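Please arrange chain B on chain A, whose structure you already have, making use of the hints.
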Amino acid sequence: MTSAINSFSDVQITGIGCLCAAGANVPQMMDNIYSGVRTPVVSEQVRADHPELYPMFEMPASAVPDGYSEGPETRRCGLLAIAAASEAINDAGFDMDSLKKFRVGVCIGTTVGNAMNNESFYRDFLHNRFPPMDSIKAFRNANPADMVARHFHLNGLRQCIANACSSGTVAIGQAAEWINSGLCDIALAGGSDILCRVIYNGFVSLKITDSQPCRPFDKNRRGLNLGEGAGMVVLESSHTATQRKARIHATLCGYGNYSDAYHISAPMPDGVGLEMAINTALKQAKIGRDYIAFINAHGTATPENDKVEGTLFSRIFPKTPFHSTKGYTGHTLGAAGAVEAVITVESLKRQMIAASVGFQDPDPDFDVNPVMENTPVQGDYAMSDSLAFGGNNAVLVFRRRAQA
Amino acid sequence: MTFRMAIRGIGLVAGFGCGNEAALNALHNGAAPNDVLSIQASTGGINYPVYQADPAPLKDFVPSGQLRRVNKYSRLAALAACLALQDAGRNIPCQCSDIAVIIASGYGASSTTFAFLDDVILQGDSFASPTLFSNSVHSAATSNVTILLQISGPSLTVTQFEMSAVAALLNARIWLEEKRVDSVLLGGVDQINQVLLYCYHGFFGDRIPHEITPLRYDLQTAVPGEGAAFMLLTADDGRIPPYGYIDMVSWEAFNNCTVPEDVLIIPGADGHRTCGLHYRKLLKAVDPANIKTFSQIYGCMPSGQMFDIALASIAAKNGLIPASFCSVKLDANGNLGLVHHS
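Note that the protein sequences, when read in sequence, are chains A and B.
When we follow the numbering used here, the leftmost residue of the first sequence carries the number 1, and every step to the right adds one.
When we follow the numbering used here, the leftmost residue of the second sequence carries the number 1001, and every step to the right adds one.
Next up, chain A with everything else stripped away, as it sits in the complex:
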C-alpha cells in the first residue's frame, strides 16, 4: 500500500460551467435532468455504415455560442471548453481583466481534442491525393488547454490530460493539486470532448454501444450512448476565495487516482483499483464512507463497467444513494468526469439527485440499485467516480458549502 498523503488542502469551487446535450448551460442542464428529459438522436453529422444505428447525445452545431471562434484554424472541442469556461468564469464573478490579476492555470481532460484523427486528411493521404497542411495547422492550434488560455489571455501553466474516460475527473484533481502546491492561485479545470467517426466506429467495434437509449445499472443494459460536451470549474485556494469574497459552490476535499494494472479496455472485475481511489479520496477528505450523501457513478451502461461499480458499491456503500447521469448526457468521454463533477456540485447544493434514467430492472449480480426517481439526499459530502480504458480510476469528493 502506498504512503500516507499528508498535504491535500481544501480547494474551493467558485464557478461552474457546462454544456452538453442535456443543456446549453448549468441551469438548463439541471432543469432538464430533474425533469427526466433526454434526447439521444441518430446523428446526421456522424454517420457510418454499420447495420445498426446507435443513438448519441449530440449537440447542435449552434451549441457553441457566437464569439468563441478564433478563426478557421480552430476545432470544436476547444470551443466547447471555452464556452463552458466562460460560463464558469462569469459564475465566479470574474471578467477577463480581473482574472488576469491572478496566476491562472488551465487543466483540461480530453480524448478527441488532442488526437490527430482527421479522417478526411488521412483518407487523402492514404490515396496519394496529397492533402494540404491546413488540417495539421488546425490540429497544432486545437489543444483545448491552449485554446482556453489564449481566449482568456492567460499565460500560466496549462496542460491537457489524456487519461481517456477519467480525464475530466483527473484534470480537476490535478488542478486542485497545482493550487495546493502554489503553482497557481486559480485554475480553470474540466474536460471537453466531441463526437466523431473514429470514436463512433471504435466504440461500435468494441460492441459496447446500445442501439436504444442507454440503461445504466439495468439488468438488460446493452452498452453506452456516446455524447459530447464540456464541463469546467473555477478552483481557488481558500485564501484567494476568502480574500476576494467569492461565493463558494462547494469544496473539493479529496482526489484519488489508481490503476487497475489489468486490461487495456476492460475494468478490473473486483474493482480494487477503484476502491483504492475511493479510499484515498475519503482519507484526504478526512471522512468515512458513511459521510457520503450520494454518489454520481461512472455508470456507462456497459455490462462490465456497471458490474464493477455495482459490485463494489454493494460491498462498501450498501446504503448510499447513487445515480448515473449518462442517461441524460451520454458518455462524453474525456469530458464526462467534469460534466459529472458539475452535476454533483449542483446536486449537493440542492440536496437532490436526479432519477437514474434508463434504469428499470435490478441486476441480480449486485445488491444495490440507482435511484429511480428524483431523490432528496441529506449530508454534506458527495462523490463522483470515473473509470477509463486501460484501467485508470479517479475519484473526487466534494463538501457542501457550510450553511450560514
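Bear in mind the hints are in silico, worked out from the structure with no lab data behind them.
All of these numbers come straight from a predicted model, not from anything done at the bench.
For each residue, glycine too, the CB sits at the ideal point set by N, CA and C.
Honestly, I wouldn't trust all of these hints.
[Said to hold, decoys possible] In silico lysine-lysine, BS3-like type, Cα no more than 30 angstroms apart, as pairs: (1) A:Lys100 x B:Lys1281; (2) B:Lys1281 x A:Lys137; (3) B:Lys1281 x A:Lys101; (4) B:Lys1179 x A:Lys286; (5) B:Lys1179 x A:Lys283.
[What the hints assert, rightly or not] Short derived list, chain A residues pointing at chain B, Cβ under 10 angstroms: (6) Phe8; (7) Asn114; (8) His127; (9) Asn128; (10) Arg140; (11) Asn143; (12) Cys160; (13) Ile199; (14) Ser259; (15) Tyr262.
Same frame as chain A, but now just chain B:
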C-alpha cells in the same frame, strides 16, 4: 519551490540504441539518423532520414505472449520504463501501488489511430478493429506500462506538445511532495509515422536535412526522431542518487523570463528554425561555451526535453558535463519550461 527530486534510475531507447551504455556511447561519439523512410509527396517519392528506435529488447523483461497486442508506442515506453526500474535496482514486474506512472507525449498513439483508419477507409466501417481502437488513445502507453509492469499506483498521461515534459515533471513533483507515492516512473515517448514525415515535407519543403545542427538557429535542420526516455524519481531522502537531483521545475512566459547564467544551459533546440530564432533571442546573453544540446543524438520530437534531461544526467554522472545544468524548452505559444538539475 524548494522540494527536489532524486533521479534513481534512467532508461532510454532511441535511434542510438537502448540502455545507458548505448546512451553513453552516443554522448561520447555522437549519433546520426539511423534509417531512411520513404514517403510519397506531390513531387514524387521522398526518402527521409530518421532516428528510429527498436523496442525489441522489451522481450528480455516481458514475456512475448503479453506483448502480442501491444503497439510500438507502448512498447517503447515499456522498454524505457523497464530499463529505468532495472537501473534503479527495482524488481520487474513491480507488483506495487506506491509507484506512479506519468507519461508525456506529443504525438501519442497516432500511428495506431492511422492503422485503425486504414481498416475503416480501405475495408469499411464494420472492419474497424477494437484492438487498434483500444490502443489508439494517448493513454495507451501509460496503461500498458501499468499492466505489463503491474503498477497499480496513480497514473497520468499529459499531452502539451513541446511543454509535455515540463508539465509531467510538475505533476511528478507534486505527487512526491504530498507523499501520494514513494516513487514516480516518469517518461516521455513519441513515435514516427509516415504521416509525420509527410507533414515535415509539407511544412519544410524539399530540402531534406541529414543531420540536426541545433545551434544554427536560422536553419531548418530538424530530423524526426522517436523513442522513450524514462526516469525513476523519488523525494530526496538523504541517500545520494546516482543521477543527481531535479531541484526546480518551472513554467514561465517566454517574454518574462531570463535563463540562469551560472550553469550549463541545455536548450531544447532541435533544428526547427521557428523555435530556433526564439532560442537565439533567449540565449543571446549566454556564453556559447555554456550551451550544450542533445537533440542531434536522438532526433526531433515533442517530448524531447525528457531526453535532454535524461541524457544530460547520464553525461553529468560520467563527468562529461557539470552536475549543475538547466534544461530549457520553448513552445510555439510563448511558453518556456525550465528544469534545474544539480
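Here is how each hint holds up against the structure:
1. A:Lys100 x B:Lys1281: holds, 26 angstroms
2. B:Lys1281 x A:Lys137: Measuring from Cα to Cα gives roughly 25 angstroms; hence the hint holds.
3. B:Lys1281 x A:Lys101: holds, 28 angstroms
4. B:Lys1179 x A:Lys286: holds, 16 angstroms
5. B:Lys1179 x A:Lys283: holds, 13 angstroms
6. Phe8: Result: holds, 6 angstroms to nearest chain B Cβ.
7. Asn114: At 5 angstroms from the nearest chain B Cβ, A:Asn114 passes the 10 angstroms test, so the hint holds.
8. His127: Where the cut-off is 10 angstroms and the nearest Cβ of chain B is about 8 angstroms from A:His127, the hint holds.
9. Asn128: holds, 5 angstroms
10. Arg140: holds, 7 angstroms
11. Asn143: Holds, about 7 angstroms.
12. Cys160: At about 5 angstroms, which falls below the 10 angstroms cut-off, the nearest Cβ of chain B leaves the hint on A:Cys160 intact, so it holds.
13. Ile199: holds, 9 angstroms
14. Ser259: holds, 4 angstroms
15. Tyr262: holds, 6 angstroms
This entry satisfies every hint, going by the numbered hints stated previously.
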